[in-house]
Amino acid sequence: MKKLLIVAMVFSTVFSSLAFSADKDQKVSAKKESSKNEAFNKVLAQYESLHKAFFDNDNAKVKANAQSLLDGIEKIKDKKISKTLSYTKEKLTEISESDDIKANQEAMNIVSQGLFVVLDKHAPNKSYARYYCPMVQKYWLQNITESDKVMNPYA
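So for the sequence shown, my numbering puts the first residue at 1; every next one is plus one.
Fair warning: there could be bad hints in the mix.
Unchecked claim - Using 27 Å as the maximum straight-line C-alpha spacing, the simulated DSSO-like pairs for lysine-lysine come out as follows: (1) LYS63 / LYS83; (2) LYS61 / LYS42; (3) LYS138 / LYS121; (4) LYS79 / LYS42; (5) LYS89 / LYS79; (6) LYS83 / LYS149; (7) LYS126 / LYS89; (8) LYS42 / LYS80; (9) LYS138 / LYS83; (10) LYS138 / LYS126; (11) LYS138 / LYS80; (12) LYS61 / LYS102; (13) LYS138 / LYS102; (14) LYS149 / LYS42; (15) LYS149 / LYS138.
Keep in mind that the hints were calculated from the coordinates and are not lab data.
Let's have the full structure, built from the sequences with the hints guiding it.
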């Protein structure tokens with residue numbers, strides 16, 4: 001009986017330490033995900049500023065917001081996200097240097113799609129939705145918690 005009791009105590013100790021270890025690993029993983037999402041959420045806020053700048057039809061404001069968004073993306077340390085957004089960064093550079101509002105709208109489509117891929121694959125955020133304008137066949141992202149009204153930057 002003593003042997004059975006000792007074996008039961010040993011198994012209990014081993015399994016509880018394994019469970020603690022797994023729980024600790026999950027917490028570390030969740031913390032990494034949270035910091036990845038936090039950095040990307042800042043980028044999404046900067047994207048919102050760029051999105052809104054198109055409504056003012058002020059290309060200087062569009063260019064400044066594109067540069068701000070580019071700077072925010074450069075601060076993301078996650079390699080997968082950074083690689084996914086490499087073409088997006090090129091398009092943001094084009095926007096920040098271009099005086100052609102139509103060309104900037106074209107580039108905005110690519111920027112939006114790049115950010116959507118990150119939202120979909122790496123850093124989900126249920127506050128954002130992807131929209132499509134069938135007239136110009138372009139996409140954009142919009143924070144759906146801030147407004148119920150669809151804000152098409154291409155209209």
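Broken hints, numbered, in rising order? Failing hint: just 6.
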